[in-house]
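Chain by chain, the residues run as shown.
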Amino acid sequence: MTDTPTTLVTATGDSAGKTAITVALARLAADRDRSVGYMKPKGTRLQSNVGKTLDQDPMLAREVLGLDAEMHQMEPVVYSPTFVEGAIRGTEDPDALRDRIREEYDDIAADNDQVFVEGGGSWTTGGVVDLTDVDVAELLDARVVLVAEYGSPNDLDEVLAAADAFGDRLAGVVFNKVSDDAFESLDQDGIPFLESKGITVFGAIPHEKELAGVTVGELADELGAELLTDAPTDAFVERFLVGAMGGDEALRYFRRARDAAVITGGDRADVQTAALDASGVACLVLTGGHRPSGAVLGKAADAGKPVLAVNTDTVTAIDRAEGVIRGGRTRDVRTVDRMAELLGDHVDVDALV
Amino acid sequence: MGTLNELFDPDRVAVVGATAREGAVGRAVTSNLLDDFDGDTVPVNPNYDEVLDTPCVDEVADADADVAVVVVPPSIVLDAIEACGEAGVRNVVVITAGFGETGEDGAARERRLAELADEHDLNLVGPNSLGIMSTPSGMNATFGPENALPGGLSFMSQSGAFVTAVLDWANDNGIGFKDVVSLGNKAVLDETDFVDHWGSDEETDVIIGYLEGIEDGREFIETARETTQDTPIVAVKSGRTSAGAQAASSHTGTLAGSDKAYEAGLDQAGVIRAESVDELFDSAGILGSQPLPDTDSVAIVTNAGGPGVMATDAVGDADLDMASFTGATSDRLAESMPEEANIHNPVDVIGDADVERFREALEITVADDNVGAALVLAAPTATIEFDELADAIEAVSEEMDAPVAACLMGGDRTREPKQQLQAKGIPCYFDPARAIDSLATLARYRDIKARDYAPPMAFDVDRERAREILGTVRDRDDNRLGVEAMELLDAYGIPTPDGEIVDSPERAREVAEGVDGDVVMKIVSPDILHKSDIGGVAVGVSDDDVADTYEDLITRARNYQPDATVLGVQVQEMVNLDDGVETIVGMNRDPQFGPLLMFGLGGIFVEVMEDTTFRVAPVSEPEAREMTEEIQSAPLLRGARGRDPVDVDAVIETIGRLSQLVTDFPAILELDINPLVALPDDDGGTNAAAVDVRLTVDPEALDAPGTDAETDPKPLDAEEPTDD
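Chains A and B, in that order, give the protein sequences.
UniProt numbering applies: residue 1 is where the first sequence begins, and numbers increase by one.
UniProt numbering applies: residue 1 is where the second sequence begins, and numbers increase by one.
Bound-form chain A, shown alone (with noise of 0.2 Å):
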């Protein structure tokens, strides 16, 4: 056993921020001149690399940290839909899992003045191998950060069970992606709530389109698109309009949204120029494979919009487009820096680091 100070971040649900807080967070104990280790005890998001299956989240710690642990140490469970299946079936043993990761994680508190641990998709995330969070903080012996999101005063429930669940153990809970109009209501009523319950609340990190969009260029880059432009790709997008309707209703519905990307089939020439007009439009990408008209092409470079296009069917791609804003932004070292800033900005970080 090792007392190295360890802290795990949890989530109440999928995507709402734990890597971009979780390498953040380590990153500023760093600048304060402390050595520190990084894991992710269940790797979630996963994705195949010639063969063997990873989280992303290791690899991104690893580059921002500086970090040299292997990655099987950082990620000494690959929680994969496989790995599931077979955990069910009982050829898993808990046990054996559970001992695995505390060695790699001593490994890495050995060598390090303080640890970030990083959860798996949602607190409750590991429960068939006995591997929640609420466990994994137990084994590690670690305080907790919760992340939550807050639309409404419903998104407590959550908050309280999982507070509940981690008991002493809950250092405080950090809000993330909390909207504009969300944030009077959070910061009124919902906070000194969470306080008149004993919970502590570190901050509420406003929405960031830099945070929750993917730019036009890494859209491209996912959906593997071709860009028929020169325009900057670096606007932001996070929703997507499907464009199928006439011109004229196509840029009424258009001039509604913000940081849209119009996804069209590529000889719909009425509501590509619908969507130049608008805005709130980011970017075009046509479907289909077909090459839009040069007059077309003309207008976007005249309104400065990129153009995309991809050989599948629109369905398709709104799926993987879809997608791709679903998962989040590709994590970077941008994003972190980003998400740096905003905890100091918002959030009591001495409390945290």
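Don't read these hints as lab results, they were simulated from the structure.
Heads up, the beta-carbon is just placed ideally off N, CA and C, and yes, glycines get one too.
Be aware that a few hints might be false.
[Said to hold, decoys possible] Going by beta-carbon spacing under 8 Å, a handful of chain B positions derived as facing chain A: (1) Gly106; (2) Ser258; (3) Ala423; (4) Thr628; (5) Asp698.
Given the coordinates of chain A, work out where chain B should sit on it, guided by the hints.
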């Protein structure tokens, strides 16, 4: 004197990129000019000493030209245009293609071209243009196959191919032109510039246009209004249907805009809109040759009963009237016609009539002051020769003040007489409806000429307050605002019922107690569009029930859409819908014409009935009044079936105030007041109430400096509309 005289009437034209190479555009343009142009044609090309036996200069600076026609390849076109500017050539026609219509590089080239034109103050046609023509000097600076015949029509087209097609057809039909311009990409000169120029060009009788889009709708309206006081404009606007709009977008990158906006915009501009090419030339032809009718009454003189009835139907369809003759006319007809003839309109001189009887009947009818226009309609009979009839019609028409059109129904035998009549400016068709439509065009233009355009309605408003409220859109996830922006209407003096948006049952109760009588309560959420569909509206709530109703509404909203943002509940004074009429006033910003105002029957019927009418803002008081009169349900406003009439002036004022609001703030992309309840006249009281509002605001346009109308000169004197 027009503004582009030098462009259409130069002494010397340089062809930059002239060549003798077969099949080259540079050869076609040079050869067309050399064939017919009265002035000098100067080929410019450093590679040749002469082109088509004409001495060639190296640079445009050596040409001493008034107009330069540029046909060089895209890679050097900008240099060529700059050289024109530096050489002091003020008029440039760019035939070279490969600009905005070809994609990104082309678009950049086109932007640079517009900058060059601006730097050197060039009148620039094109690029991607077929060229220009002007018949008085025989100038054919196009690469088309044929020159135009001289005439009084000036023609602009956004399609070069359509120009060549029209000229080929017009030459066969003896139709002549004053000037012709292929607009191309309209990088500099657009339809408005030519409407402006031809409006003061004495040799242009009628302006005709083929347009896929209009660059600046408001400017076009202002300019065309002036021009159409003297010179009629007839235009085909293509891309009317959604499929057509799609094709137009692909062709020129034009965002078509709604057809309703075109209909309203062109009508407000005094432009006569043609739906087809036939209609375009039918209208232009008769406008250029026949006098305008004093009245809408048409007399029909025919030897064929059936076609006479068809023509009578056409008169009704065209919103013209059948003339009723004076007693004297009827007496004279009775005297001179056989007993079997019909001496009432339509006058049937019957099948055995000879040309003489036709002529007499025509002379008698057109002498009647009740007759505004005449149609001569003849079917072939054994007793009539069409060429003699044509002579007779021609002779009578020379004596007439009223316009006349002819229908010679038949095959080959009609061909020559028809050409004879048309050469004299008397339209002649097979189909009576087509002839009547032409006469109707004359009546329309007479009305346009008589129009008196009033200044836009203007009121004393709180613009700063409005700007603040519009700015709240920045706190939103999207660009929409709802009832939480009601104060916007207050700022512009549009009456709204008492009320407030509250976020607690206690506050709801306080507000309700401060309001006379029962209240209406509505959920306020940008995510819930149809509030009443989810039970998000409660009507007639007494003060005691307000707190409970607050809970109900919030719960329903949460159940319906758990993730919806709920801003609160609106507690509002009840508006008496029983005595009032629910109307809708709205605006949608058209990409070409700008703010398009809508007025119609409101409430739940608006989507079903579509009883609406449109105008491009800003509107004058007479225009706003017309809107209230045009809808089919207008009688409801005036008190149908024993109901009290509503205060229409209050509705008109609301339209005017909304018109001012959307003109002042281009950032407002759409706005609906639904319903605007029009109430019976209550002296001194509020006779219209805007109960609900929804709008879309472009935050970028709100931030952009100089985009709102503060920089626009506007009538500053706040003027209350008159009461009558």
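- Message: Run through the hints listed earlier and report the numbers of any the structure violates, in increasing order.
- Response: Hints 3, 4 are the ones this structure does not satisfy, whereas the remaining hints hold.
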